[in-house]
Amino acid sequence: GQQVMQIPQYQHVQEGEDFTTYCNSSTTLSNIQWYKQRPGGHPVFLIQLVKSGEVKKQKRLTFQFGEAKKNSSLHITATQTTDVGTYFCAVNNAGNMLTFGGGTRLMVKP
Amino acid sequence: DAGITQSPRHKVTETGTPVTLRCHQTENHRYMYWYRQDPGHGLRLIHYSYGVKDTDKGEVSDGYSVSRSKTEDFLLTLESATSSQTSVYFCAIRGGNYEQYFGPGTRLTVT
Numbered sequence: 001g002q003q004v005m006q007i008p009q010y011q012h013v014q015e016g017e018d019f020t021t022y023c024n025s026s027t028t029l030s031n032i033q034w035y036k037q038r039p040g041g042h043p044v045f046l047i048q049l050v051k052s053g054e055v056k057k058q059k060r061l062t063f064q065f066g067e068a069k070k071n072s073s074l075h076i077t078a079t080q081t082t083d084v085g086t087y088f089c090a091v092n093n094a095g096n097m098l099t100f101g102g103g104t105r106l107m108v109k110p
Numbered sequence: 001d002a003g004i005t006q007s008p009r010h011k012v013t014e015t016g017t018p019v020t021l022r023c024h025q026t027e028n029h030r031y032m033y034w035y036r037q038d039p040g041h042g043l044r045l046i047h048y049s050y051g052v053k054d055t056d057k058g059e060v061s062d063g064y065s066v067s068r069s070k071t072e073d074f075l076l077t078l079e080s081a082t083s084s085q086t087s088v089y090f091c092a093i094r095g096g097n098y099e100q101y102f103g104p105g106t107r108l109t110v111t
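Residue numbers (my numbering), protein chains in the order written: chain A, 1 to 110; chain B, 1 to 111.
Source of the hints: derived by calculation from the structure; they are not laboratory data.
Errors might be hidden in some of the hints.
[As the list claims (entries may be wrong)] Reference excerpt, derived from the structure (chain B facing chain A, CB under 7 angstroms, subset only):
#: 1; residue: G16
#: 2; residue: L45
#: 3; residue: D62
#: 4; residue: V88
#: 5; residue: F90
#: 6; residue: G96
#: 7; residue: Y98
#: 8; residue: F102
[What the hints assert, rightly or not] Here are a few chain B residues that face chain A, going by a calculated C-beta distance under 7 angstroms:
#: 9; residue: P39
#: 10; residue: L43
#: 11; residue: E99
#: 12; residue: G105
Think of the CB as a built atom: it goes at the ideal place given N, C-alpha and C, for glycine as much as any other residue.
Whenever a hint applies, use it, and build me the whole structure from the sequences.
And the structure:
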């Protein structure tokens with residue numbers, strides 16, 4: 001099935017700084033999903049990208065799908081302490097299963 | 001949160017004992033999943049179900065079995081728990097656009 005590598009593994013930022021996590025694949029992806037998991041919580045679905053070059057925004061979060069559909073990014077503008085958590089990308093395998101990236105853990109210093 | 005509950009939420013058990021975790025959903029979703037989450041390994045699929053009595057293996061199925069006798073319940077069984085199965089277990093259902101919604105998780109410790 002399709003695999004994805006996610007970088008960085010960890011990121012410390014000062015509150016107010018921007019943050020970006022990247023998800024990369026060696027093969028063309030049909031779509032990509034992003035999830036957020038707060039410390040001690042469960043993964044929560046954020047968004048799904050399907051089209052080449054697609055860009056979607058949710059308030060301070062910007063999600064992009066690469067033109068070749070082999071990579072994706074999640075960018076947070078002006079981080080807040082509420083953004084703390086681990087962000088995962090996930091790709092569909094045969095429609096029935098998701099394969100998750102290793103996640104990027106975001107820590108925000110107030 | 002898509003009406004998903006998991007029980008128990010925490011469990012400590014001894015090596016060699018059987019353990020069953022329950023996932024319950026109230027919205028009649030066809031697809032249900034069991035994952036384990038460990039530091040350094042992210043989320044890994046154990047088993048999934050695509051209907052009553054229809055299940056399939058995931059990436060890390062060894063040592064686990066599942067059953068789904070009703071649409072709303074998906075059970076994960078560790079026939080003989082080992083310390084390597086200490087983990088956080090999440091159940092999930094699949095939504096209409098292939099996104100997944102997760103339950104609150106079960107923290108299992110095998111001593």
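Against the structure, the hints:
Annotation: G16 of chain B was flagged as interfacial toward chain A, and the flag is violated, the nearest CB pair being 29 angstroms apart, outside 7 angstroms. This hint holds: L45 of chain B has a C-beta 6 angstroms from the nearest C-beta of chain A, less than the 7 angstroms allowed. Using the Cβ-Cβ criterion of 7 angstroms, the hint placing D62 of chain B at the interface with chain A is not satisfied: the shortest such distance is roughly 17 angstroms. Residue-level restraint check for V88 of chain B is violated (minimum Cβ-Cβ distance to chain A is 9 angstroms; threshold 7 angstroms).
About 6 angstroms separates the beta-carbon of F90 of chain B from the nearest beta-carbon of chain A, less than 7 angstroms, and the hint is met. Hint on G96 of chain B is violated. Least Cβ distance to chain A is approximately 11 angstroms, over the 7 angstroms limit. A cut of 7 angstroms between beta carbons decides the hint on Y98 of chain B: the least distance to chain A is about 6 angstroms, and the hint holds. The beta carbon of F102 of chain B comes within 4 angstroms of a beta carbon in chain A, closer than 7 angstroms, and the hint placing it at the interface holds.
Because the closest C-beta pair between P39 of chain B and chain A is about 10 angstroms apart, greater than 7 angstroms, the hint is violated. Annotation: L43 of chain B was flagged as interfacial toward chain A, and the flag holds, the nearest CB pair being 4 angstroms apart, inside 7 angstroms. Residue-level restraint check for E99 of chain B holds (minimum Cβ-Cβ distance to chain A is 5 angstroms; threshold 7 angstroms). Given the 7 angstroms rule on beta carbons, the hint for G105 of chain B holds: about 5 angstroms separates it from the nearest Cβ of chain A.
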